[in-house]
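Could you put the whole structure together from the sequences, leaning on the hints where they help?
Respectively, the protein sequence lines represent chains A and B.
Using the working numbering, the first residue of the first sequence is number 1, and each one after it goes up by one.
Using the working numbering, the first residue of the second sequence is number 1, and each one after it goes up by one.
Certain hints may be false.
Which copy is meant is left open, because identical chains are indistinguishable; a pair holds if it fits in one copy or across any two.
[As the list claims (entries may be wrong)] Using 25 Å as the maximum straight-line C-alpha spacing, the simulated SDA-like pairs for lysine to any residue come out as follows: (1) Lys240 <-> Ile37; (2) Lys240 <-> Glu13; (3) Lys182 <-> Val332; (4) Lys182 <-> Pro137; (5) Lys182 <-> Thr134; (6) Lys240 <-> Phe12; (7) Lys330 <-> Arg291; (8) Lys182 <-> Ser135; (9) Lys240 <-> Leu336; (10) Lys240 <-> Arg10; (11) Lys288 <-> Ala138; (12) Lys240 <-> Gly38; (13) Lys240 <-> Pro67; (14) Lys182 <-> Pro162; (15) Lys240 <-> Val217; (16) Lys288 <-> Val171; (17) Lys330 <-> Asp248.
Source of the hints: derived by calculation from the structure; they are not laboratory data.
Okay, here's what each chain looks like letter by letter:
2 protein chains.
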Amino acid sequence: MLSEFSLIERFFERPTSALKSPEPALRGDRPKATLGIGDDCALLAPRRGQQLAISTDMLVEGRHFFPDVPPYALGHKALAVNLSDLAAMGAEPRAFTLALGLPRADEAWLESFSQGLFDIAQRFDCELIGGDTTSAPAVNICITVFGDVPPARALRRDAARPGDDIWVSGVLGNARAGLGIKLGEWSAASPDDERRLVRALELPEPRVALGMALRGVAHAALDLSDGLAGDLLHILERSKMQASVNIDDVPRSPEVAALQQELQQQYMLAGGDDYELCFTAPVGERSKIERIGQRLDVLLTRIGTIEGPAPYGHAPDHAPAIGWRDASGKAVSLTLQGFDHFHAD
Amino acid sequence: MLSEFSLIERFFERPTSALKSPEPALRGDRPKATLGIGDDCALLAPRRGQQLAISTDMLVEGRHFFPDVPPYALGHKALAVNLSDLAAMGAEPRAFTLALGLPRADEAWLESFSQGLFDIAQRFDCELIGGDTTSAPAVNICITVFGDVPPARALRRDAARPGDDIWVSGVLGNARAGLGIKLGEWSAASPDDERRLVRALELPEPRVALGMALRGVAHAALDLSDGLAGDLLHILERSKMQASVNIDDVPRSPEVAALQQELQQQYMLAGGDDYELCFTAPVGERSKIERIGQRLDVLLTRIGTIEGPAPYGHAPDHAPAIGWRDASGKAVSLTLQGFDHFHAD
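Here it is as structure tokens:
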């Protein structure tokens with residue numbers, strides 16, 4: 001059994017989190033944390049002209065991931081879902097803290113978990129600056145992430161405007177289809193297809209570059225963690241708007257498109273865990289957005305329109321509605337099971 | 001059962017976390033978060049000339065608190081231990097995020113927990129700016145706290161210098177004595193005494209004003225969460241120093257002083273949960289420090305000396321030692337059980 005301190009030192013102190021020169025803000029290069037793991041607090045020097053975007057997520061074994069998930073993938077995903085929140089604000093990743101509850105200190109598990117965590121952290125230049133480890137009845141990972149975004153350029157949920165196009169990145173439903181495979185709900189045509197879908201579930205790629213490219217272009221944005229149907233409502237509620245969405249335009253992979261319609265809609269619209277961005281933007285920005293998609297090699301698809309102010313005003317009980325339509329313009333009535341931590345188990 | 005979103009809105013969205021004017025940094029008053037709960041990220045505008053001190057802690061039911069702890073006290077303590085980390089850096093509290101794992105959504109429990117949390121948050125002007133709630137097998141509270149401290153004035157663990165006095169605030173051992181009462185290890189002379197000790201355990205008061213007053217006065221500092229014997233070692237290891245401590249000078253309450261010697265030492269030196277500050281300062285600062293104690297009405301006691309560089313160099317296996325002495329100067333050999341999340345259960 002490792003002690004808490006040797007555990008932190010062995011798996012989570014990396015050269016990049018060591019003490020930097022005392023005053024990096026005075027140097028010309030990109031300021032990092034001035035003081036990392038090993039003191040009561042980490043110290044983060046603000047960058048000139050930037051606000052700090054901050055998000056926190058708690059992932060619990062048996063709730064957000066299976067006990068037998070590969071620890072490398074878990075380390076990846078724990079940071080990826082937080083980076084996705086930064087992406088949804090148009091923020092540039094900078095640093096994160098990690099609090100880790102563990103039933104036991106399993107060295108092989110920790111080695112692989114920390115490798116997955118540091119691999120994605122390094123790719124996105126996001127430094128581990130502090131943490132806490134404790135024993136807990138189930139694995140519990142709480143990450144708080146910090147990013148930079150210039151004031152007034154953050155992509156917020158309350159900024160959708162009438163007439164805006166509604167866009168999504170990537171394809172929707174793959175992660176939920178991968179979960180369906182793990183749960184035995186269905187089988188894909190080939191082991192390769194199944195691996196691809198499970199990979200979408202376990203190793204989501206946060207759309208950080210896209211979020212930053214959409215600064216000053218998109219109006220409202222968020223990341224799709226719980227499913228389009230529920231997540232888009234958050235934009236509509238905060239912006240006090242209504243929307244129409246063309247279901248047939250919602251982008252999906254060939255594997256999901258091959259499913260029977262009801263399962264397809266469930267996976268695409270209420271599946272969650274896609275970590276794609278959903279954003280609204282003026283019609284006049286269409287060609288600019290298409291060029292961003294080409295430059296970043298990210299599929300960007302228009303799926304609907306912000307129709308105008310919600311009729312019910314601000315009362316939270318009267319959620320602004322999404323009108324779902326098919327390609328012919330006909331209204332479609334959906335029965336979706338959403339994801340809610342205290343409802344749907 | 002409450003849904004995740006109505007739970008967040010009902011118990012954790014307060015007027016102080018609502019949307020502020022868009023550019024508070026341009027106003028003359030103290031900048032708060034520009035965007036709080038309800039978006040993908042919170043936005044925090046840096047204050048000119050300040051670095052951000054960041055700390056994260058995870059508290060787990062059955063590990064850090066009893067399942068039947070009063071929820072008001074739990075809400076208080078969850079933030080208090082984080083504010084104590086800010087105090088140990090000399091940082092001024094500013095904001096925090098809360099990730100909360102719950103076995104069930106118990107409204108009465110949440111009402112009381114959030115009241116305890118917001119009462120101390122308001123007293124220390126520390127705003128809840130973001131969060132996450134999820135179901136979990138046991139209550140799990142992960143708070144990340146943010147404070148401001150001017151560059152180069154932060155109180156670090158690695159800054160102890162030869163000849164420094166070693167100081168502690170308050171009295172040590174009360175929290176552990178309170179835990180002893182809850183565990184049935186001993187009984188105090190009166191119910192009032194017992195209440196006072198249990199209160200020290202459940203409602204610790206972070207030494208925020210003291211930490212800020214020690215900027216530019218103290219060299220090294222930390223907060224006593226695991227017990228003086230273990231925590232002082234962190235300063236010594238980081239500073240590569242040795243120390244001598246006079247056990248008879250370690251301040252204790254009359255209740256702890258009445259215990260038999262071995263229990264007394266165990267509670268004072270290895271009990272933990274005191275959240276007092278331990279700091280080192282030059283001899284020349286004694287009178288200034290005494291005046292700070294008088295002004296803030298905080299007991300400040302000199303308990304020892306930083307003797308000089310550790311003989312073993314930087315090897316982590318050779319921890320720099322504390323020489324424990326009694327009032328006559330005689331060396332005392334201690335057998336203490338320290339607190340380690342993966343050792344002592």
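Results for each hint:
1. Lys240 <-> Ile37: between (43 Å within a copy, 17 Å between copies)
2. Lys240 <-> Glu13: For Lys240 and Glu13, the Cα distance is within 25 Å only across copies (19 Å; inside one copy 45 Å).
3. Lys182 <-> Val332: neither (30 Å within a copy, 60 Å between copies)
4. Lys182 <-> Pro137: both (24 Å within a copy, 22 Å between copies)
5. Lys182 <-> Thr134: For Lys182 and Thr134, the Cα distance is within 25 Å only across copies (22 Å; inside one copy 30 Å).
6. Lys240 <-> Phe12: Answer is between; shortest inter-copy Cα gap is 22 Å, intra-copy 44 Å.
7. Lys330 <-> Arg291: neither (31 Å within a copy, 78 Å between copies)
8. Lys182 <-> Ser135: between (28 Å within a copy, 21 Å between copies)
9. Lys240 <-> Leu336: within (22 Å within a copy, 61 Å between copies)
10. Lys240 <-> Arg10: Between copies only: 20 Å across, 49 Å inside.
11. Lys288 <-> Ala138: Answer is neither; intra-copy 46 Å and inter-copy 49 Å both fail.
12. Lys240 <-> Gly38: between (46 Å within a copy, 14 Å between copies)
13. Lys240 <-> Pro67: neither (40 Å within a copy, 41 Å between copies)
14. Lys182 <-> Pro162: Neither. Shortest intra-copy (41 Å) and inter-copy (60 Å) distances fail the 25 Å Cα cut-off.
15. Lys240 <-> Val217: Answer is within: at 20 Å inside a copy they meet the 25 Å cutoff, but 53 Å across does not.
16. Lys288 <-> Val171: Within one copy, since 20 Å is at most 25 Å while 64 Å is not.
17. Lys330 <-> Asp248: Within one copy only: 11 Å inside, 84 Å across.
Violated hints, in rising order: 3, 7, 11, 13, 14; the structure is consistent with all others.
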